[in-house]
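Colleague: One-letter residues, chain by chain:
2 protein chains.
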Amino acid sequence: MYEKDLSVSLLVDFYGEILTEKQREVINLYYDEDLSLAEIAAEAKITRQGVRDSIKRGEATLHEMEEKLGLAARFSNQKTTVEKISRAAAKIQDINARFRYSGEIGELAAQIQQDAESLNE
Amino acid sequence: MYEKDLSVSLLVDFYGEILTEKQREVINLYYDEDLSLAEIAAEAKITRQGVRDSIKRGEATLHEMEEKLGLAARFSNQKTTVEKISRAAAKIQDINARFRYSGEIGELAAQIQQDAESLNE
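Line by line, the protein sequences give chains A and B. In terms of the working numbering, the first sequence opens at residue 2 and continues consecutively. In terms of the working numbering, the second sequence opens at residue 2 and continues consecutively.
Everything labelled a hint here was simulated from the structure, so no lab data went into it. Any given hint could turn out to be false.
Which copy is meant is left open, because identical chains are indistinguishable; a pair holds if it fits in one copy or across any two.
Stated by the list, open to error - Simulated crosslink set (EDC-like; lysine to aspartate or glutamate; CA at most 20 Å straight-line):
(1) Lys69 - Glu26
(2) Lys92 - Glu67
(3) Lys57 - Asp33
(4) Lys80 - Glu118
(5) Lys85 - Asp116
(6) Lys85 - Glu108
(7) Lys80 - Asp35
(8) Lys92 - Asp116
(9) Lys80 - Asp116
(10) Lys92 - Glu105
(11) Lys57 - Glu18
(12) Lys92 - Glu108
(13) Lys46 - Glu67
(14) Lys57 - Asp14
(15) Lys80 - Glu122
(16) Lys46 - Glu68
(17) Lys85 - Glu122
(18) Lys69 - Asp14
(19) Lys92 - Asp33
(20) Lys69 - Glu18
It should be emphasised that the depicted structure is a prediction, and the values quoted were computed from it without experimental measurement.
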């Protein structure tokens, strides 16, 4: 846990509601707000060791959930495909505009790109 | 639980690994294989009441997970958007083919449609 693992934030996004409120709070302060253990201890009014234990237990729960359900990985794979769709839609708009083919194709491709971006928000 | 709720199968797809093996088995037989409680009891070698309890407990866990995490709803909303993308890509291909605009637009739109369909598989 000392090396701040970016993916913990992703796992919190999926499974955060499974954690206790305290675990969620300290994990948020540690990973998203980038506070030190000592700073979190001062803020949460618990010992530094208490903060450390809470982060470790929370992380274990998050990893266990992902190991069982794999939903963060499932969404991440989708994200790559959605980005590919978005790029292809942009390219259609480019070609279509360059040769002034069809207003409708331009609109449809723009809509696809917008929808794809909304999926990855 | 007597009215077979289609969405239970969807919840199993997301959270099934959280259930006990027995719960997963009886829920699968009841919702996906469409067996009666009596048939499942015979197959699983437990009482009809045991089957009923196992299904109810499993369902409660699935609904509790969805209430907390909302991941099945999140994926379902995406599905609608992805279908919209797929239809728009099909329409681009139609227009493009009708007016013989561009081989590249046709290929890009076909790829978008294929990728969109893979997302919803």
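Colleague: Checking an output row: Lys92 and Glu108, CA cutoff 20 Å. Within, between, both or neither?
Modeller: both (13 Å within a copy, 11 Å between copies)
Colleague: Is it within, between, both or neither when you check Lys69 against Glu26 at 20 Å Cα-Cα?
Modeller: Answer is between: at 17 Å across copies they meet the 20 Å cutoff, but 24 Å inside does not.
Colleague: For the identical chains here, do Lys80 and Glu118 meet the 20 Å Cα criterion within one copy, between copies, both, or neither?
Modeller: both (10 Å within a copy, 14 Å between copies)
Colleague: Is it within, between, both or neither when you check Lys46 against Glu68 at 20 Å Cα-Cα?
Modeller: So Lys46 and Glu68 fail the 20 Å test inside a copy (32 Å) and across (31 Å) alike.
Colleague: Reference check for the pair Lys92 and Glu67, CA-CA at most 20 Å: within, between, both, or neither?
Modeller: The answer is neither: 35 Å in one copy and 38 Å across copies each exceed 20 Å.
Colleague: For Lys69 vs Glu18, is the C-alpha pair at or below 20 Å within one copy, between two copies, both, or neither?
Modeller: both (16 Å within a copy, 6 Å between copies)
Colleague: Is it within, between, both or neither when you check Lys85 against Glu108 at 20 Å Cα-Cα?
Modeller: both (19 Å within a copy, 14 Å between copies)
Colleague: When Cα atoms must be at most 20 Å apart, do Lys92 and Asp33 count as within-copy, between-copy, both, or neither?
Modeller: Answer is neither: 35 Å inside a copy and 42 Å across each miss the 20 Å cutoff.
Colleague: If the cut is 20 Å between Cα atoms, do Lys80 and Glu122 qualify within a copy, between copies, both or neither?
Modeller: Result: close both inside a copy and across copies, 10 Å intra and 15 Å inter.
Colleague: At 20 Å max between alpha carbons, let me know whether Lys57 reaches Asp14 within a copy, between copies, both or neither.
Modeller: within (17 Å within a copy, 29 Å between copies)
Colleague: Could you place Lys92 and Asp116 in one of the four classes (within, between, both, neither) given a Cα distance threshold of 20 Å?
Modeller: For Lys92 and Asp116, the Cα distance is within 20 Å both inside one copy (15 Å) and across copies (15 Å).
Colleague: As a check of your reading, is Lys92 near Glu105 (CA-CA no more than 20 Å) within one copy, between copies, both or neither?
Modeller: Intra 15 Å, inter 9 Å, cutoff 20 Å: intra and inter.
In the structure shown, a violation is registered for the earlier hints numbered 2, 7, 13, 16 and 19, in ascending order.
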